[in-house]
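Participant: Top to bottom, those sequences are chains A and B. Per the working numbering, numbering through the first sequence is continuous, rising by one, with the last residue being 707. Per the working numbering, numbering through the second sequence is continuous, rising by one, with the last residue being 908.
Worth flagging that the hints you see were computed from the coordinates, not collected in a lab. Note that the Cβ used here is the ideal one computed from N, Cα and C, for glycine as well. Treat the hints with care, as some may be off.
[What the hints assert, rightly or not] Here are some of the chain B residues that sit facing chain A, going by a computed Cβ distance under 7 angstroms: (1) H841; (2) P843; (3) E845; (4) V849; (5) N851; (6) L855.
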Amino acid sequence: MTHTSNRTISDAVTAETIATAGEVAPEAVARYAVGLGDDALILAQRLGAWIAHAPELEEDVALGNIALDQLGHARSFLTYASSAWGKTEDDLAYFRDESEFFNRQLFEQPNGDFAQTIARQLVASVYFDGLYRALSLSADPTLAAIAAKAVKEVDYHVDHSVQWLLRLGLGTEISNERMQRGLDAVWPFVAELFSVDPLSENLAGIAVDPASLQADFDRVVLPAIVDAGLTVPTAPAARGGGRSGVHTEYLGPLLAEMQVLARAHPEATW
Amino acid sequence: MRSSRGLSHVHAGSLHAPDETMAVRNARDLYTRRAEGVSIWVVPASAITASDPDARGAFFESPQGKEYRHATYYTESDAVPHL
Chain A
438 MTHTSNRTIS DAVTAETIAT AGEVAPEAVA RYAVGLGDDA LILAQRLGAW
488 IAHAPELEED VALGNIALDQ LGHARSFLTY ASSAWGKTED DLAYFRDESE
538 FFNRQLFEQP NGDFAQTIAR QLVASVYFDG LYRALSLSAD PTLAAIAAKA
588 VKEVDYHVDH SVQWLLRLGL GTEISNERMQ RGLDAVWPFV AELFSVDPLS
638 ENLAGIAVDP ASLQADFDRV VLPAIVDAGL TVPTAPAARG GGRSGVHTEY
688 LGPLLAEMQV LARAHPEATW
Chain B
826 MRSSRGLSHV HAGSLHAPDE TMAVRNARDL YTRRAEGVSI WVVPASAITA
876 SDPDARGAFF ESPQGKEYRH ATYYTESDAV PHL
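Given the sequences, and given the hints that come with them, work out the whole structure.
Facilitator: Next up, the structure:
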């Protein structure tokens with residue numbers, strides 16, 4: 438369906454416009470973009486599993502919208518990255534193995550119940566919001582353009598998660614308990630988001646220093662948790678290592694499902 | 826939903842939501858996917874007073890035969906442009 442003529446849509450940077458522009462990413466920038474793309478891609482794949490299973494039809498669409506926004510970010514980052522090696526976004530998405538994915542481990546964590554998904558999405562969206570805001574000032578114009586478009590979308594994702602955090606936290610005894618359990622489950626993976634990104638070395642002015650995002654994250658997320666009648670978890674951090682290709686037990690099965698069709702029928706189109 | 830063309834709000838659809846705030850967000854997600862609107866109003870179904878579908882005759886069929894209510898009997902004057 439391409440009937441829309443809205444200028445704000447057609448002017449925005451997409452994977453297609455990036456591919457057409459033919460800008461070739463420098464090797465180091467491409468490696469950094471792969472990490473960013475993998476974060477968005479893996480979380481989009483996770484959220485996609487909610488379609489037809491969300492608590493309400495309306496929420497199916499809401500989570501689907503968020504997943505598609507994130508898939509759009511992933512496609513842009515991976516398209517740009519793939520230009521460095523004469524590849525395509527699909528080569529990177531479908532034909533890399535687990536240890537070649539560089540997403541932070543938060544994004545591969547299972548959906549759990551709806552509350553756990555909201556907890557993961559809250560952390561992810563606030564993190565992306567700060568990251569893309571900073572990245573929109575990057576010296577690399579393509580990364581800056583992708584981030585500038587993404588910020589507008591992620592702003593809404595933050596709002597969606599905060600609204601549900603409040604409603605589940607302040608809802609019933611059971612919803613409060615489940616929301617707390619969801620936060621407890623994802624919290625060990627928060628610290629990794631702000632730890633050193635080995636893919637951003639030697640990219641001063643281009644990459645965002647993850648540690649610089651922690652203060653803004655805390656300023657948004659911690660009071661929101663308290664306002665929702667919940668407790669900020671104190672669980673110790675997981676070992677991390679996603680940016681070096683080290684993953685939890687959950688990424689492998691996710692990739693198997695995501696990649697099976699493309700690998701069974703290489704170069705198929707539909 | 827009000828479109829960006831400056832028209833008044835028109836009904837876009839019905840949805841479920843736990844409260845008003847979430848209703849606006851659900852409406853945004855369901856009905857503005859293709860940039861249809863710039864403003865959303867939500868109204869709880871319980872606040873709507875509707876006409877009775879069984880009383881259609883008295884309510885809506887009385888204009889039948891009253892063609893004079895349509896401006897079809899006027900003749901256009903050649904001297905008035907852009908009419």
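Participant: For a quick check of understanding: which of the numbered hints are violated here, in increasing order?
Facilitator: Hints 3, 4 not satisfied by this model.
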